[in-house]
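Asker: The listed protein sequences derive, respectively, from chains U and L. Quick note, in my numbering, the first sequence goes up one by one and the last residue is 91. Quick note, in my numbering, the second sequence goes up one by one and the last residue is 185.
Since the hints were derived computationally from the structure, they do not count as laboratory data. Mixed in with the good hints, there may be bad ones.
Said to hold, decoys possible - Have a look at the derived ranges for each label pair, beta carbon to beta carbon:
1) U/Arg7 - L/Arg75: 23 to 31 Å
2) U/Leu12 - L/Ser85: 25 to 33 Å
3) U/Gly71 - L/Gly154: 37 to 45 Å
4) U/Ala55 - L/Trp114: 22 to 30 Å
5) U/Pro85 - L/Val65: 20 to 28 Å
6) U/Ala77 - L/Val65: 27 to 35 Å
The C-beta atom is built at its ideal place from N, Cα and C for all residues, glycine as well.
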Amino acid sequence: MLAAIERALEPLDRRGLIDAARVSLAVSLVLRFVPAILDHYREIREAQAARGLQANPLALVVPLVVRTLKGADDVAAAIEARGFPPERPGR
Amino acid sequence: MTIRDVVLIALFAAIIVAFGLVPAIPVAGIPVPVTLQTLGVMLAGAVLGPKRGAAACALVILLVVLGLPVLSGGRGGLGILLGPSGGFLVGFVAAAFVIGWLIQRFGQGRGLGWQRAGVNILACVAGGIGACYALGIPWLAAAAGLPIETAALGSLAFVPGDLAKAVVAGLIAHGVRRVYPIPMK
Chain U
1 MLAAIERALE PLDRRGLIDA ARVSLAVSLV LRFVPAILDH YREIREAQAA
51 RGLQANPLAL VVPLVVRTLK GADDVAAAIE ARGFPPERPG R
Chain L
1 MTIRDVVLIA LFAAIIVAFG LVPAIPVAGI PVPVTLQTLG VMLAGAVLGP
51 KRGAAACALV ILLVVLGLPV LSGGRGGLGI LLGPSGGFLV GFVAAAFVIG
101 WLIQRFGQGR GLGWQRAGVN ILACVAGGIG ACYALGIPWL AAAAGLPIET
151 AALGSLAFVP GDLAKAVVAG LIAHGVRRVY PIPMK
C-alpha cells in the first residue's frame, strides 16, 4: 500500500512539491498510531475510573495529548535509527 | 521538515481519526452526541502550530481520499470530499492553520494563565468556526444547489456544539502547553 502511495505521488515529488517518501511514511504512521491512541485512551480512562473519577473530557484529553507528544520523540529517533529517509540519487 | 515533525503530524492526524472512533464523551447538559473530530482539528492547530496543524488535517483528508474509513461513523472515500459536506473537510485545514497562526501571534507573550487560556479559546472559536464555516457553507450551497442563506441557516445547528468544543479545545491546548510545551511551527 505504501509503495502504491509513493508511486502515485511520484509526479508531484519530481516537481519538488512534496516528498513522496515522507507522505507515505506519515500515512503508515497514522494507521499504526490509531489503535495505540485508543489504547492510551482506555488506560487513562481506567486509571481515572479506578480513582473514582467521572469521565471528564478535559482531564481525559490533556494526558492523552501529552503522552502522545512524548511518544513522538521516541518514534522519530527509532525511524532515524533505521536509516530513513533513504538517500536518493540526484538530490 | 524533520522526521520529528512528520511524526508529530502523523500523531495528530491519528488523534483526529481516533476522536471519530471514541464513543462520545458525555458532556454535561448536552444530550446530542457531538462528533469530536473538529475537537481534534482545533487541537492540532492549537498544539502543533499553523503549518504542522494544517499538515495534520491535510493528511486526514489524504486518508479520506484513499478510501479509508477515518471520518466519524466510519465514513470515507473520495465521494465525501466532493459531496456537500466536503467544504467543511477542506475547512479543517484552514481552521487548523488560522488557530495555529492566531495563537502563535497573540498567545506567546507573558500574561496571566487565564489570559493565555482565553487567547487559546478565542483562536479556536475564530478558526474552528469562522474559517471552517467560511469554506464549508459556500461549498454546501454550491454542491447541494441551495441558496447560500439556507445553507448558512442549516449549519447554524452545529454552532452550539462547535462553540463548546472550541472552549474545551482551548482549555486542553492550554493545559498541554503548561505540562509539555513544544515550539509551534
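Asker: Hint by hint, which ones does the structure fall short of?
Answerer: none
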